[in-house]
Amino acid sequence: MFKFLVKRILWLIPVVLGVSVLIFTIMCFTPGDPARNALGADASQESIDEFNEKHGLNDPYLVRLGSFLKSTFPEFDLGTSYINGSSVSEQILSRLSYTLRITYIGILISIALGIPAGIIAATNQNTWKDSLSMVVSLFCASMPSFWFALLLVMFFALRLGWLPTVGVKSWTGYILPCVSIGIGGAASIARQTRSSMLEVIRQDYVTTAKAKGQSRSRIIWGHCLRNALIPVLTAIGGQMAVLVGSSLVCETIFSIPGIGSYLVTGVNQRDYPVVLGCVVILSLIFSLTMLCVDLMYAVVDPRFRNILKS
Amino acid sequence: MQSVKTSQKTVRKSQFGMVMKRLAKNKMAIVGLVIVIVLTLIAVLANLIIPYDYGYQDTGALLQAPCAAHLLGTDNLGRDILSRLIYGTRLSMKMGILSVLLAAALGTFFGSIAGYYGGIVDDIIMRFLDIYQSIPGLVMCVALAAVLGPGLNNSILAVGITTMSGYARMIRGSIMQVKGMEYIEAAMAINAGDRRIILKHIMPNAISPLIVQMTMGIGGAILMASTLSYIGLGAQAPMPEWGSMLAGGRSYMRDYGFIVIFPGLMIMTCVLAFNLLGDGLRDALDPRLKD
Chain A
0 MFKFLVKRIL
10 WLIPVVLGVS
20 VLIFTIMCFT
30 PGDPARNALG
40 ADASQESIDE
50 FNEKHGLNDP
60 YLVRLGSFLK
70 STFPEFDLGT
80 SYINGSSVSE
90 QILSRLSYTL
100 RITYIGILIS
110 IALGIPAGII
120 AATNQNTWKD
130 SLSMVVSLFC
140 ASMPSFWFAL
150 LLVMFFALRL
160 GWLPTVGVKS
170 WTGYILPCVS
180 IGIGGAASIA
190 RQTRSSMLEV
200 IRQDYVTTAK
210 AKGQSRSRII
220 WGHCLRNALI
230 PVLTAIGGQM
240 AVLVGSSLVC
250 ETIFSIPGIG
260 SYLVTGVNQR
270 DYPVVLGCVV
280 ILSLIFSLTM
290 LCVDLMYAVV
300 DPRFRNILKS
Chain B
0 MQSVKTSQKT
10 VRKSQFGMVM
20 KRLAKNKMAI
30 VGLVIVIVLT
40 LIAVLANLII
50 PYDYGYQDTG
60 ALLQAPCAAH
70 LLGTDNLGRD
80 ILSRLIYGTR
90 LSMKMGILSV
100 LLAAALGTFF
110 GSIAGYYGGI
120 VDDIIMRFLD
130 IYQSIPGLVM
140 CVALAAVLGP
150 GLNNSILAVG
160 ITTMSGYARM
170 IRGSIMQVKG
180 MEYIEAAMAI
190 NAGDRRIILK
200 HIMPNAISPL
210 IVQMTMGIGG
220 AILMASTLSY
230 IGLGAQAPMP
240 EWGSMLAGGR
250 SYMRDYGFIV
260 IFPGLMIMTC
270 VLAFNLLGDG
280 LRDALDPRLK
290 D
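Same order as they appear, the protein sequences are chains A and B.
The opening position of the first sequence corresponds to residue 0 in numbering that gives the first Met the number 0, with each subsequent residue numbered one higher.
The opening position of the second sequence corresponds to residue 0 in numbering that gives the first Met the number 0, with each subsequent residue numbered one higher.
Do not take every clue at face value.
Reference excerpt, derived from the structure (chain B facing chain A, CB under 8 angstroms, subset only) [said to hold, decoys possible]: (1) G218; (2) G231; (3) I266; (4) N274.
No lab work stands behind these hints, which were simulated from the structure alone.
Quick reminder that beta carbons are idealized off the backbone N, C-alpha and C, glycines included.
Please work from the sequences and hints to get the whole structure.
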């Protein structure tokens with residue numbers, strides 16, 4: 000288990016390095032003039048030359064890549080913004096907690112709604128409860144999260160005035176953003192829970208448990224769900240990628256000062272160091288979460304522990 | 000020879016027939032198919048059926064609630080929302096279908112090379128895809144759209160490139176399944192070229208799951224493209240893309256909710272239809288997957 004953990008953590012190094020090189024390369028070779036984007040169309044040639052010199056944009060690709068990796072990894076220096084000269088690392092660190100809160104509360108909402116909905120559907124297969132939860136989840140899975148966020152704002156913030164429209168000054172500010180990004184994930188998790196529960200429910204050991212006279216709740220939670228959880232965990236991992244993506248738009252809609260809104264601002268201003276830094280950090284958050292999901296496999300299913308031991 | 004050809008045709012036909020029969024029994028899939036057909040017709044006939052030009056501004060009816068003259072109301076510039084939604088169907092379908100075609104083409108290229116050649120080529124491509132998939136889809140898409148610049152075609156490119164890894168993995172898996180089979184060995188023995196083996200002998204086996212994945216992918220691609228438009232990286236004004244219509248209507252939603260309700264409903268209906276059809280096709284092709 001320890002070996003697996005070390006191996007899995009070490010795998011993060013090439014992943015983060017690879018992501019950085021990939022995004023840096025894409026930014027480097029895409030046509031466009033960062034200097035003109037930053038300084039405006041009327042900028043003089045001297046100021047453009049000075050800008051290129053200052054940010055090392057005249058150097059060859061490999062030199063730029065080398066200096067980027069050298070400064071990023073040992074020192075965690077993601078460079079400075081082309082637009083206002085602020086440190087990208089500092090900005091990201093100050094915004095990190097908002098994004099983490101939104102994303103993780105979002106996934107908790109997805110799990111809290113999705114797993115019970117899937118269980119209800121599976122244990123009441125072909126009844127109105129099953130149809131209702133699957134139809135609702137189908138609609139939720141097809142709904143754009145930013146549209147749902149707008150609808151929530153329209154009703155709960157603008158019409159009813161129960162919750163704030165923007166900002167996260169108190170805990171109430173987190174409700175709408177987290178629900179809006181969590182609902183799509185809940186739908187996918189519900190569908191996955193239903194199908195893997197249905198597979199497990201037909202197994203002989205469930206019949207045996209029923210024959211022994213075990214309570215319904217013990218059969219469902221103790222026997223069925225535990226064995227059905229592996230594919231559900233995979234679905235939760237997949238949803239994390241969606242949630243991290245949705246947080247970009249959600250932070251913009253609710254004016255939350257997280258990494259997502261920083262990325263969108265960077266994109267709109269063509270501020271490449273900001274874009275690069277945000278993508279690397281968001282990918283790192285995602286990879287770390289996937290690491291946790293992998294570890295959860297071992298916690299949930301003893302067979303995984305045995306495989307890892309052997 | 001003739002009889003062999005005929006029997007092959009019969010088997011293929013009956014397989015296709017069975018898939019269609021199973022699909023026809025799936026009510027949800029049929030609902031999805033009908034909506035897809037209707038949306039396709041709307042997209043194709045958009046110019047003929049729009050009541051007003053999508054850019055026409057009725058200055059006497061700004062932010063008009065749904066009425067007889069404007070069935071779904073007008074936006075802040077007096078443009079008819081129904082006409083814009085109808086024309087937007089064409090844009091969204093174009094974005095969804097073209098980006099999925101691009102993703103499938105790129106995925107098939109990389110996946111078939113990885114699966115067919117194996118060894119170090121496979122290792123390199125798969126490790127690259129591992130790294131590629133470590134970047135959350137929408138984040139990658141936004142980064143690509145940032146460097147490509149805003150616009151409809153660039154957003155198609157960004158969505159296509161972002162989503163290609165799923166297709167590459169699927170094609171690689173299918174190729175690895177059939178690679179060791181005798182008919183491939185036989186093709187190699189008669190000195191058939193790699194390209195011929197991949198395209199003529201291997202790909203037909205992978206085409207069914209590819210079609211299912213493409214159908215299911217269109218919904219996701221439309222969703223991603225509309226998100227790009229919402230944040231200003233997709234289709235640009237005055238193009239009536241659904242995502243950009245939502246972004247434009249945001250400031251007025253307090254008093255004029257219909258401005259944001261209808262474009263969102265269109266996105267949801269379109270994505271839902273492709274998801275239902277994709278689910279139905281998957282179940283029809285492999286009934287074991289159902290439940």
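Each hint tested on the structure:
Checking G218/B against chain A by beta carbon gives a least distance of about 7 angstroms; that is within 8 angstroms, so the hint holds. Checking G231/B against chain A by beta carbon gives a least distance of about 6 angstroms; that is within 8 angstroms, so the hint holds. Taking 8 angstroms as the C-beta cut-off, the interface hint given for I266/B holds, the closest approach to chain A being about 5 angstroms. The interface hint given for N274/B holds, since its Cβ lies 6 angstroms from the closest Cβ of chain A, which is under the 8 angstroms cut-off.
Consistency with the previously given hints is maintained throughout, with no hint failing.
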